[in-house]
Amino acid sequence: MTFKNKPANGNNFRRSVTRFTVTIQAALLLLAGAFASAQEGGNSLQDIQVQSLPGQRVELRLIMRDAAPEPLAFTIEDPARIALDLPETSLGMNSRRRDVNMGPLDTVLTAEAGGRTRVVLNLGEMVAYETRRSGNTIYVTLGADAGAAAATTHFEGSQATPGSAPRSYAASGSRRIDGVDFRRTSSGGGRVMINLTDPSTPVDIRQEGGRVVAVFKDTALPDELMRRLDVMDFATPVTTVDALRTNNDTRIVISANGKYEQLAYQSDNEFAIEINPAPEDERAASLFSESKEYEGQRLTLNFQDIETRAVLQLLAETSGRNIVVSDTVQGNVTLRLRNVPWDQALDIVMTTKGLDMRENGNVIIVAPSEEIAARETADLEARQAITELEPLYSEFL
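So the sequence shown is numbered by this note's numbering: it starts at 13 and just counts up by one.
Certain hints may be false.
Label-pair distances were calculated between CB atoms; the ranges are [claimed, not checked]:
| no. | residue 1 | residue 2 | range |
| --- | --- | --- | --- |
| 1 | Val265 | Asn106 | 45 to 51 Å |
| 2 | Arg239 | Asn372 | 28 to 34 Å |
| 3 | Thr340 | Gly221 | 43 to 49 Å |
| 4 | Thr209 | Asn259 | 17 to 23 Å |
| 5 | Arg387 | Thr119 | 16 to 22 Å |
| 6 | Val375 | Glu100 | 26 to 32 Å |
| 7 | Gly332 | Asn269 | 14 to 20 Å |
Think of the hints as simulated: they come from the structure by calculation, not from any bench.
Backbone N, C-alpha and C fix where the C-beta goes; we use that ideal spot for every residue, glycine too.
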């Protein structure tokens with residue numbers, strides 16, 4: 013039997029290659045379409061617009077594809093920077109850097125990681141700023157006249173409807189103050205503790221001369237709590253604490269003498285404002301220990317009802333340290349910290365949430381206090397058991 017090789021038809025070969033190419037192109041188009049559909053499933057930052065305002069002010073508009081999320085803002089004094097984290101947001105802009113050189117604003121940097129987008133505003137010097145949301149736009153106003161006062165900070169409840177002012181509640185509604193108390197801290201400061209029925213209550217805090225004024229929006233104050241606390245005998249910078257009712261709001265006015273530092277934070281339903289004596293050596297006053305000194309990079313945080321794990325991650329990025337967080341760390345925290353070292357901010361978060369930490373080189377391990385104590389107890393018992401099982405040697409002289 014004789015076999016003969018038949019030459020391949022050139023036209024058939026070209027048609028096969030063409031069909032294969034078309035098939036590959038169709039598959040690539042399907043993959044691209046699937047990727048685009050996946051991208052369309054979440055929000056994204058589409059554009060950043062900058063315009064000058066009177067009085068050396070600057071307004072930025074962060075244009076989103078969908079409804080604008082609540083930005084998580086923090087600042088660093090040196091170098092002067094304002095960072096805005098946009099949760100569950102991708103970066104839909106091609107350019108990652110924009111040189112502005114307008115008023116206090118030098119450059120705008122953007123980056124995406126971990127399902128969020130960060131916008132960093134590099135400033136010539138730190139200035140007051142204000143953020144608000146409307147529809148699919150986040151407005152950021154920089155300048156001395158950004159808000160009602162340079163020292164004003166606004167806490168907006170996490171359940172507020174995007175694009176408008178916080179929801180309005182009558183004074184007799186679901187939000188109210190359940191208690192106002194005062195304590196002296198171990199560092200000689202005064203701590204005013206306000207118990208809230210709603211942990212997402214919006215709060216405005218500002219400094220007016222020798223007073224710190226906290227306004228709890230649309231929050232009722234019972235008649236029995238509408239009074240003045242005279243705390244002169246506690247030997248702190250705080251002299252009086254007034255609880256007042258103004259229309260549908262509750263105002264807590266803290267009067268203080270001398271130079272002091274202001275700190276506010278929240279754990280669940282308890283909102284705390286601390287007035288600490290200003291340290292003479294310009295070092296940060298310790299919040300929970302008279303002897304401990306904090307030397308980390310200073311930053312300002314303004315978070316309302318944010319996940320505790322997200323705050324710890326942000327502190328890790330700011331400090332350059334590796335922070336390992338136990339899976340059992342849960343819950344949310346509200347912070348309002350102005351120009352405090354990052355390691356003090358870490359202590360505040362851990363103390364208010366019942367956490368503890370252990371350091372090993374450049375790694376910080378954070379877990380609930382009970383978990384760390386149980387782990388160390390188990391390690392100690394294991395070492396003792398090993399010691400008891402070691403053979404004994406007798407030496408005769």
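Here is how each hint holds up against the structure:
no.	hint	verdict
1	Val265 - Asn106: 45 to 51 Å	holds, 50 Å
2	Arg239 - Asn372: 28 to 34 Å	violated, 50 Å
3	Thr340 - Gly221: 43 to 49 Å	holds, 45 Å
4	Thr209 - Asn259: 17 to 23 Å	holds, 19 Å
5	Arg387 - Thr119: 16 to 22 Å	violated, 45 Å
6	Val375 - Glu100: 26 to 32 Å	holds, 28 Å
7	Gly332 - Asn269: 14 to 20 Å	violated, 39 Å
Comparing the model with each earlier hint shows violations of hints 2, 5 and 7; every other hint is respected.
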